[in-house]
Amino acid sequence: MANVNTGELLDFQDYSPDHNNRSARIDVEAVHTNQYNNTMSNPNYSFEEPKAIDEPEAAPQTNHNFWTIEYYQKYFDVHTNEVVERIISSVLPQKVSRNFFDERIKGKPDLYGPVWISVTLIFTIAVSGNIASYLHNANKKGFVWRYDFHLVSIAATAITCYVWLVPLALWAALKWTTNTDGHDEIENQDAKSPTMMSLFCLYGYSLSIYIPVAVLWTIQVFWLQWLFVLMAAFVSGAVLIFWLMPALRKSKYFVILIGSILGFHFLLAAGFMLYFFHQPSTIEPDVVGPATVKALSP
Amino acid sequence: MTSFDTKYDMYPAGDVGVVEGEMNIPSQGVPSGNSMEFNTLDEPIKETFLRDLRAVGNKFYHVLIPREKSSLLKEWDLWGPLLLCTLMATILQGTEAADNTNDGGPEFAEVFVLVWIGAAVVTINSKLLGGNISFFQSVCVLGYCMFPIALSLVLCRVILFSTQTTFLFFLRLVLSMVGFIWATFAATKFLGDSQPEGKKALAVYPICLFYFILSWLVVSHSNV
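Sequence lines, in order, name chains A and B.
The opening residue of the first sequence carries number 1 in the UniProt record's numbering; numbering runs sequentially from there.
The opening residue of the second sequence carries number 1 in the UniProt record's numbering; numbering runs sequentially from there.
In case anyone wonders, no lab produced these hints; they're calculated from the structure.
Any given hint could be a false lead.
Derived DSBU-like pairs (lysine-lysine); straight-line CA-CA distance at most 30 Å [to be verified]:
id, chain 1, residue 1, chain 2, residue 2
1, A, LYS108, A, LYS252
2, B, LYS46, A, LYS74
3, A, LYS175, A, LYS108
4, B, LYS200, B, LYS189
5, A, LYS108, B, LYS200
6, B, LYS200, B, LYS74
7, A, LYS74, B, LYS200
8, A, LYS140, A, LYS74
9, B, LYS46, B, LYS74
10, A, LYS250, A, LYS108
11, A, LYS74, B, LYS189
With the Cβ distance kept under 7 Å, some of the chain B side facing chain A (calculated, not the full set) [unchecked claim]:
id, residue
12, LYS46
13, GLY105
14, PRO106
15, ALA120
16, LYS127
17, LEU128
18, ALA201
19, LEU202
20, VAL204
21, CYS208
22, ILE213
23, SER220
As the structure is a computational prediction, the values presented were derived from the model and not from experiment.
Just so you know, even glycine gets a beta-carbon here, dropped at the ideal spot from N, CA and C.
So that you can see chain B by itself, here it is in the shape it has in the complex (with noise of 0.2 Å):
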C-alpha cells in the first residue's frame, strides 16, 4: 500500500496533465451555456415561466416537424415528457366500475410505469448497442415524440363521445396507426445518427416496440 502510495506521487506532471487534457473537452464543447449573459434574477415570475414554457413548446413543435435535431439533443428536459406521460395515464386509467372491479383498462400508475421504464429500458438498449447519446437526452427524445400519439390520444377520447359504430372504431385505429408513424419516424430522425453502422434496425426496432404498445393503448382505450 505505502509502496504503491509513493510511487504513484513519483509520477512526473506532465502524465496528469494529459489526462486534464482530455477532460476539459466537453466544457469546451458548450460556449452557448457561456455566452448566455442575460439576469435572471430579477425578472417576473411570468416571464421566467413563459420562457421554460416556450422551449418545451418549440420542442413539440420541432417533433411534429422533424427538421433540425438540435433543439431536443442539446437542451434537454423532461417537463414535455412529464406532461405528455400524465395526461396519457390520466386519460387512459381505467375507471372503477359499480361493483369494484376494474375494467380491464390499465391504472393511472401502470401507465406512468409504462412509459418511464419503456423509455429508460429503451434508452439502457440503446446505450448497450454502444449509441454515443447521453442517458436523459435520450429519455428526452422518446418522451418527447410521444407527442403524436398523445395528440391521437385526445383525438379519440373526443370521438369517443359519440355512440359508437364499426366506422368511427377504424376512425381510432387510424388516428392511433398515424400516432405510432409518426412518433416512430420522429424519434428515428432524432436517434437514429447517434448509432454506428449496421445496428441501427436493431436500436429502431425497440423504438417501435414502444410506440406500438402505447398505440395499443390508445386504441384499445373504450371505456365511455
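The shape of chain A in the complex, shown without the other chains (with noise of 0.2 Å):
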C-alpha cells in the first residue's frame, strides 16, 4: 500500500473510452495536430503502438511515453526461462525449434539480455584481463602486482560502441540494400527485414559466448588464445548468420555484408584477446603495459 509510486498514479490510465478524451488528446496535440484531430473520440492511444516499435531511437517524439519507465517495460517483459532459451539459440542453434528468430526475438525483442549480457562481459573482461596480468607477472622476483581498476573503462567503450553501433549499421544496410530491388517489393520487405530492437536483441544475444571464453583466455598460452578467439568468432558469427539468413538473402551486397559480419566479430574477440590477455613474452619496461611499468620501480 505504502509503496504505490506517484508515477503510477499520475500516468495515463485505461478508463473507458469515452473518458479517455483527454489524455488521449495531450498526445494527439503534442505531435499530430492535424492528423488525428477527427478521431478524438477513439482511443488514440493504441495508434501509437506500432510505430513505437519500429523506431523507438530515431523518433521518440511520437509516444509520450518514451521518458517514462513503462515504455520501456515491454522491452523487459521476459521471464527466466526464456533468457535461458535465448542465450541457449545465440551458441547452439539447432536447439531451439527452426523459426525461433522470427517468432520469438523478431516478435519479441527484449533488452535485458543484450543490456546485462554486455555489463558482465564487461566486468568479467575487467576481472579476467587482471588474473591473467597477475599470472603472466606472477613469478618475476622483486614484482609488485597492482589490479588496474581502468580496465573496466576501457572495457565498457569498446562494448558498448560494438552491440550498439554494429547493429545500426547492419540495420542501415538491410534497409537500404534491400530497398532498390523493386518498388513492388515493399510491403513484402517491411515485414521481413528484421526491426532495430530485434537486430539489437540479436547481437546483444551474440555476446554471451565471449563471457566463459573471457574467463579461458587468462590461460597464458599464446596458441590456445588464438584458438578461443577463432572459435568465439566462428560460433556466434556463424549462429548470427544462420538467424539473420533470410533476410540477408535479399540484400543486394549478401556476400559483403556476410563478410562483415564475420569480419567485425573476429576483431572484436582478437582486440579483446591482444589487449585485455595477452602480454609479450619479451619483458622490456617500455612494452608492459603503464600499471605495470610504474609497479617496478620502486
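Build the complex from these two chains, which are given one at a time in their own frames, with help from the hints.
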C-alpha cells in the first residue's frame, strides 16, 4: 500500500473509451495536430503503439510515453526460461525450433539480455584481464603486482560501441540494399527485414559466448588463446548469420554483409584477446602496460 | 479545444469521485506516520541526532541478520548507504605514486559513482521487470546491504598492514567472498518478493553482479 508510486497514479490509465478523451488529446496535440483531430472520439493510444516498436530511437517525439519507465517495460517483459532459451539459441541454434528468430526474437525483442550480457562481459573482461596480467607477472623477482581498475572503462567503451553501432549499421545496410530491389516489393520487405530492436537483441545475445571465453583467455598459452578467438568468433558469427539468413539473402551485397558480420566479430574477439589478455613474452619496461611499468620501479 | 473543455466540464461529479477514491488509498496505508505524536521541536539536538543514528544502526543490524524486512522497506533512508559508500570510496581510492601515475586503483569519485549508478541501474532493472517496489526503497536496501562488503573491506584493510603472504591473500579472498554472499543473500531476502513469479532470477542476477564487482574491488585493493 505504502509503496504505490506516484508515477503510476499520475500516469495515463485506461478508463473507458469516452472518458479518456482528455489524456489521449494531450498525446495527439503534441505531434499529430492535423492527422488525428477528426478521430478524437476513439482511444488514440492504440495508434501510437505500432509506430513505437519500429523506430523508438529515431523518433522519440511520436510517443508521449517515451520518457516513462512503462515505455521500456515491453522490452523487459521476459521470463527466466525465455532468457535462458535465447542465450542457448545464440550458441546452439539446433536446440531451439527452426523459426525461433522469426517467432520469438523478432516478435518480442527484449533488452534485458543484451544489457546485462554486455555489463557482465565488461566486468568479466576487466576481472579476468587483471587475473591474466597477474598470472603473467606472478613469478617475476621483486615484482609487486597491482590491479588496474581502468580496464573497466576501456572494456565498457569497446563493448558499448560494438553492441550499438554494429546492429545500427547492419540495420541501415539491410534497409537500403533491399529497398532498391523493386518498388513493388516494399510491403513484403517491410514484413521480412528485421527491426532495429531485434537486431540489438540478437547482437547482445551473440556476445554471451565471449563471457566463458574471457575466463578461459586467462590461460597464458598463446596458441590456445588464438584458438579461443577463432572458435568464439566463428560460432557466434555463424549463429548470427544463421538467424539473419532470410533477410540477408535479399540484399544485393549478400557476400559483403556476411563477410563484414564475421569480420567485425573476429576483430572484436582478437582485439579483446590482444589488448586485455596477451602480454608480449619479451619483458622490457616499455612494452608492458603503464600500470606494470610503475609497479616495477619501487 | 473549447468544445473539448466544455465537454469535460459536463462530466458528472460521480466519475471524479471514483478517481479520488483511488488516490486516497496510499495515504490510508501509512497510519504509522500520523500516530507518531511526539514533539521534536523542543528536544535537544543530541537526542534528535541519536535517534536518527539509532535508526541507521538498527537497519545495519537487520542487514546482518535478515529476518524481518519491514524496517528497511517501510522507512527508507539514504544515510546508511551514504556512510558506507563514503567509507568504501575512501579506503578503496588509489594513492598517488611518486611519479604521477595512478596505481591502478579507482579514484574516490569512481567508487562513488559506481556504487550509486550501480544501485540505480539495478533498481531501474527491477522496475522494468515489473517489480512493485519504489525507487528509493530499492536503492536504500541495495545500499544498506553493502554493509557486509564494507565490513570485509575494513578487515582486509587491517590484514594489509602486515607483510603479505599467499595465505593472507587467500584470507582476504575468503573474507570478501563471505561479504559478497552475505550481501547478496540479504538483498535477495529483502527484494526478492517484489518481483513477479518467473522473473526472480532475472532481478537477482544484476544484484549478484553489483555486489560481485564491489567484492572484486575489495579483494583487489592491495596498495600498501
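- Those earlier numbered hints the structure runs against, lowest number first: 2, 8, 12, 15, 20, 21
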